[in-house]
Amino acid sequence: MFAVRSMLRAGSRAATPLRAFSTSSMRQANTLLFVEHKNGAINPASLSAVTAAQKLGGEIHALVTGSSSHAKAVAEAASKVQGVSKVLVSTSDAFSALLAEPIAPLIESLVKSKSYTHVVAGHTAVGRDIIPRAAVCLDSSQVSDIIEVQGEDTFVRPIYAGNALATVMSKDGVKVVTVRGTAFDAASTEGGNASVEEVDAGEVPQPTKLVQEKMSESTRPDLATASRVVSGGRALKSSEGFAKYIEPLADKLKAAVGASRAAVDAGYADNALQVGQTGKIVAPELYVAVGISGAIQHLAGMKDSKTIVAINKDPEAPIFQVADMGLVADLYEAVPELTEKL
Amino acid sequence: MRASLVNQLRVLVPVKRSIDYAVKIRVASDGKGVDTNVQHSMNPFDEIAVEEAVRMRERNKDAIKRITAVTAGPAKSQDVLRTALAMGADDAIHVEVPGPIEPLAVSKILRAIVDKEASSDEIGLVLLGKQAIDDDASQTGQMLAGLLKWPQATFASKVELEGKGDKGDKVTVTREVDGGLAVVETHVPLVLTTDLRLNEPRYASLPNIMKAKKKKVVKYSVADLGLEKDIEPRLETLKVSEPPQRQGGAKVENVDELISKLKEAGRI
Chain W
1 MFAVRSMLRA GSRAATPLRA FSTSSMRQAN TLLFVEHKNG AINPASLSAV TAAQKLGGEI
61 HALVTGSSSH AKAVAEAASK VQGVSKVLVS TSDAFSALLA EPIAPLIESL VKSKSYTHVV
121 AGHTAVGRDI IPRAAVCLDS SQVSDIIEVQ GEDTFVRPIY AGNALATVMS KDGVKVVTVR
181 GTAFDAASTE GGNASVEEVD AGEVPQPTKL VQEKMSESTR PDLATASRVV SGGRALKSSE
241 GFAKYIEPLA DKLKAAVGAS RAAVDAGYAD NALQVGQTGK IVAPELYVAV GISGAIQHLA
301 GMKDSKTIVA INKDPEAPIF QVADMGLVAD LYEAVPELTE KL
Chain L
343 MRASLVNQLR VLVPVKRSID YAVKIRVASD GKGVDTNVQH SMNPFDEIAV EEAVRMRERN
403 KDAIKRITAV TAGPAKSQDV LRTALAMGAD DAIHVEVPGP IEPLAVSKIL RAIVDKEASS
463 DEIGLVLLGK QAIDDDASQT GQMLAGLLKW PQATFASKVE LEGKGDKGDK VTVTREVDGG
523 LAVVETHVPL VLTTDLRLNE PRYASLPNIM KAKKKKVVKY SVADLGLEKD IEPRLETLKV
583 SEPPQRQGGA KVENVDELIS KLKEAGRI
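Quick note, the sequences are listed as chains W and L, same order. Residues in the first sequence are numbered from 1 upward in steps of one, following our numbering. Residues in the second sequence are numbered from 343 upward in steps of one, following our numbering.
Hints in this document: simulated from the structure, not taken from any laboratory. Treat the hints with caution; some may be incorrect.
What the hints assert, rightly or not - Below, simulated DMTMM-like cross-link-like pairs (lysine to aspartate or glutamate); rule was C-alpha separation at most 25 angstroms, straight line:
(1) W:Lys306 - L:Glu595
(2) W:Lys209 - L:Asp508
(3) L:Lys593 - W:Glu197
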């Protein structure tokens with residue numbers, strides 16, 4: 001919304017920072033980076049967020065939250081991430097599900113007590129849940145899903161399903177930013193040597209409890225970070241179609257499986273596989289779109305792929321306008337042939 | 343016998359008027375925004391939120407007392423309130439704001455509405471879309487929950503309310519998270535945001551559209567809510583540009599040619 005029209009109050013750049021600790025106009029960035037982790041592993045989006053945060057300059061302190069059994073090991077791993085100068089680790093059983101209510105107040109209190117200028121996190125389901133709640137408590141207008149850092153207050157982000165790019169300048173004292181993982185390289189998980197400091201969790205609100213997780217089990221690479229993705233659309237006609245045509249091709253290519261919204265809504269593929277504006281944003285080396293027409297909402301999720309291959313029997317399908325290699329063919333013949341010949 | 347009708351839940355459903363999802367947007371010639379002189383409609387995620395509120399009442403008549411739709415925007419945004427009313431909302435609130443506003447400001451407006459209504463008919467559940475398809479921010483629900491210090495359940499694909507709409511009633515929500523689903527237990531008062539698969543919104547029938555014209559829309563200005571300062575933008579849009587256009591490549595004749603091209607490009 002803010003990006004739709006130019007602001008009328010041009011020129012009033014100076015906002016009131018939460019705490020002015022420098023008289024110089026050049027404020028040194030001091031970033032608090034929220035680390036997302038699961039099963040002891042740091043989420044790749046958090047590593048991309050480190051790279052984005054490095055472009056702000058200044059120090060990066062990584063915040064690791066979790067149960068005492070998990071957080072210490074993740075903090076250890078975070079201390080080795082290149083670019084991180086300090087790891088703050090806070091443990092509480094209330095943190096283990098990475099829910100917003102306990103974690104947002106911790107971020108708020110850390111930013112206020114340690115005068116961070118930036119809060120940065122990956123624009124993942126977890127980041128999207130927690131970070132706005134922290135931002136509002138800091139009275140900061142969050143900048144979501146950035147794809148470029150132009151300065152410590154200026155960011156580029158896609159709007160309208162990626163059909164326009166907005167360059168926005170934040171006038172807030174604390175800049176709160178979530179980062180599109182595929183737009184920044186992951187920071188190296190070796191070579192860093194950050195100190196680890198424990199932070200007392202204090203009183204932790206926990207009005208929401210995780211009762212069950214139903215994760216899609218797959219031995220294939222993670223969709224959001226895979227270097228190759230094979231996606232199917234409505235033309236597959238059934239979940240059996242996915243199993244028979246998409247999965248063997250994905251296995252041959254060691255690729256992750258994706259799906260269009262139409263295929264997910266029709267029940268042919270799991271929700272977690274949806275690629276697009278409202279699903280996953282991917283940017284693999286190779287994206288193979290099978291039986292996908294290429295609605296703008298789908299293109300928003302994959303058009304930054306290095307090479308796009310489209311297999312579709314409709315030569316007019318919009319997917320061909322973005323595909324580097326297009327094959328106009330019946331997928332039921334072409335895909336098995338491709339799988340076999342690879 | 344019910345203890346008291348007052349305990350029944352009043353649901354607030356914020357809706358946004360945005361450019362219709364099917365419109366191919368164009369960057370405006372001044373490079374400061376997009377051409378907004380096009381078809382608008384209710385943000386699709388908000389339709390799902392309205393639908394869910396109506397279905398919650400259909401499922402559990404005793405628990406939901408009233409559904410109030412609310413929007414913040416220019417005079418034209420009344421259209422989306424009428425749509426919400428035709429879908430089954432009982433009444434509506436229009437906060438008139440001339441220009442575009444950021445999620446932070448919207449969350450403050452919504453909190454002011456919740457506070458204002460608390461004296462007469464308290465709101466116990468706020469149901470929002472998970473994101474607006476124009477700014478794609480995905481912030482407002484979470485920000486509102488933070489301001490109200492209520493629990494939040496974001497990206498819901500299934501919602502089960504237990505009880506009669508009393509404070510503290512258990513709500514079980516299935517959330518769409520990366521890699522699958524997470525089921526959480528929380529309680530009212532609550533802020534919920536909807537994911538695509540929560541439901542299939544109904545079309546408003548003509549009789550319902552006619553009925554909706556008679557339903558009440560209360561209008562507030564930002565000044566009525568004492569928020570003139572709070573809606574000032576914090577983000578300045580320096581530029582809006584077209585994304586780099588991909589060059590659609592050539593079509594290949596057959597699978598063999600596709601494989602050799604992929605090899606040439608070093609992708610396999």
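Results for each hint:
1. Taking the CA atoms of Lys306 (chain W) and Glu595 (chain L), the gap is about 21 angstroms. The hint holds against a cut of 25 angstroms.
2. With a C-alpha separation of about 19 angstroms, the suggested pair Lys209 (chain W) and Asp508 (chain L) falls inside the 25 angstroms cut-off, and the hint holds.
3. Proposed proximity of Lys593 (chain L) and Glu197 (chain W) is contradicted: the alpha carbons are some 57 angstroms apart, above 25 angstroms.
This entry does not satisfy hint 3, going by the numbered hints stated previously; all others are met.
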